[in-house]
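> For reference, the chains in residue letters:
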Amino acid sequence: MAVKVMIPTPLRQYAGKQDSVELEAKTVGEALAGLTAQYSDLRRHLYNDDGKIRSFVNIYLNDEDIRYLHKEQTPLNDQDVLSIVPSIAGGRTLDPPGGVASVHTRALCCICR
Amino acid sequence: MIETLTAETVALSKDEILRYSRHLIMPEVGMEGQLKLKQAKVLLIGAGGLGSPLALYLAAAGVGRLGLVDFDVVDFTNLQRQIMHGTSDVGRPKLESAADTIAEINPYVELVPHQARLCSENALEIFADYDIVADGTDNFATRYLVNDACVLTGKPNVYGSIFRFEGQASVFATREGPCYRCLYPEPPPPGLVPSCAEGGVLGVLPGIVGCIQALETIKLIIGKGEPLVGRLLLFDALQLRFRELRLRKNPECPACGARPTIDHLIDYEEFCGIRGQEAAEPMNGIPEITAVELKRMMDEGRTFQLVDVREPHEFDICRIPGSVLIPLGDVAARMNELDSAEEIVVHCRSGMRSAKAVDLLRKAGFRRIHNLKGGILAWSDQVDPSVPKY
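Residue numbers (the working numbering), protein chains in the order written: chain A, 1 to 113; chain B, 1001 to 1390.
These aren't lab readings, by the way, just hints derived from the structure by calculation.
On a predicted model such as this, the values are computed, not experimentally measured, just so you know.
Among these hints, one or two may not hold up.
Stated by the list, open to error - Taking lysine-lysine and the DSSO-like style, the derived pairs with C-alpha atoms no more than 30 angstroms apart in a straight line are:
id	chain 1	residue 1	chain 2	residue 2
1	B	K1295	A	K17
2	B	K1389	B	K1356
3	B	K1224	A	K26
4	A	K52	A	K71
5	B	K1224	B	K1041
6	A	K17	A	K4
7	B	K1224	B	K1249
8	A	K26	A	K4
9	A	K17	B	K1041
10	B	K1356	A	K52
11	B	K1224	A	K4
12	A	K52	B	K1249
13	B	K1014	B	K1249
14	A	K71	B	K1249
15	B	K1219	A	K17
16	B	K1249	B	K1295
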């Protein structure tokens, strides 16, 4: 089946700067495997060390979350659109003096100091 | 959605009727909706990029009480998108600037400033006085805190988030719909969060997403239309494309599921894996030199290579004379361009990316290598103020 995988902005740098990739696959898992075979840097952003899809990355088949379908075994039809939708926090623009870690802590953080 | 509101206990003055006339002549709002707006109490978390359009439009629309939580001061880099603040506000607390702007737009709005970091200790107390919370924060820890506090207090969470050219919006934590944890059970570990090299945001983007949040907030208040509950709106500004995904309430959700395990607010920095990172992150043992020492090396005519590991578009903004650009992502592939026998100084904007580059090069056998402490920002502060900061 010819399907299209939509790549979100944060991950485009690991996918040849493309916003979508077209490939042939029969299931969601096969499509993601094909994608990460083509772009190996994407792998660690999509899967954890146990080979499971990361919990802050959601995969949608058309407008439905694959967690509520058959997960990676979900079969694909021709012209289906798969979307990778990672969580984004928003707002912060550049590296603060404390480094990457303080991307989280800079504003409105949860510790009363 | 907010059943507690009745349109009977308040009235509009003659001046208010004139001010809100374009609402009042629409049957979807009308006097009933406008009185609901006047009685509504909305809490905005963050007075920045998303908070600006939220506060401006909700104030203009006549929301009776607007709470604002922020502890930051306005700086020049905010002005490109945080349109509630102006040039003369730089250096002022954002809440003071916001109070002036909102009073000018609509003096009938009661602005309640909460000059504080939102935290597990104060969130429930602050939330108690409001009907709806709109989340305009910029970090994962606060997003999970806002979500859990909304679920615990039963207040709708009008969510918006942005990254570069891309935005997300939804309405969470309503009785019938999913919450943020149904969508994302866990935050990304700090190491996988996009770093400065991929940062930045188009100024209009938070304007568009914040306006969607304002719209959804007003719809919740007046109880009209189809709220963005159970739907995730994705906006791609570059393609100018809106897409909508279906969100389901996760029966296993630890916050809003059938058997919730989150019955109080937790330590959200620990949950987000941040605790302890501050100390661990600037890699230990990376040899550093200061901007003043670098200047002395130049003045003494010493032979060394100065490597800039920022991105090309940052190199276009400013540079240290004599530097060679090798973006961090290319260092591994291009280290053959460097002479390991020679002394090398590596820099970036603030010193984080260059520390990673130095670490990488040391592992590859480079020994006479130093990280410029504080990056080109420190160079501008300590050596050459004509170098612009960004």
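> Give a verdict on every hint.
These are the hints, each one checked on the structure:
no.	hint	in the structure
1	B:K1295 / A:K17	37 angstroms, violated
2	B:K1389 / B:K1356	21 angstroms, holds
3	B:K1224 / A:K26	43 angstroms, violated
4	A:K52 / A:K71	11 angstroms, holds
5	B:K1224 / B:K1041	17 angstroms, holds
6	A:K17 / A:K4	15 angstroms, holds
7	B:K1224 / B:K1249	22 angstroms, holds
8	A:K26 / A:K4	12 angstroms, holds
9	A:K17 / B:K1041	43 angstroms, violated
10	B:K1356 / A:K52	28 angstroms, holds
11	B:K1224 / A:K4	36 angstroms, violated
12	A:K52 / B:K1249	21 angstroms, holds
13	B:K1014 / B:K1249	45 angstroms, violated
14	A:K71 / B:K1249	16 angstroms, holds
15	B:K1219 / A:K17	38 angstroms, violated
16	B:K1249 / B:K1295	59 angstroms, violated
This entry does not satisfy hints 1, 3, 9, 11, 13, 15 and 16, going by the numbered hints stated previously.
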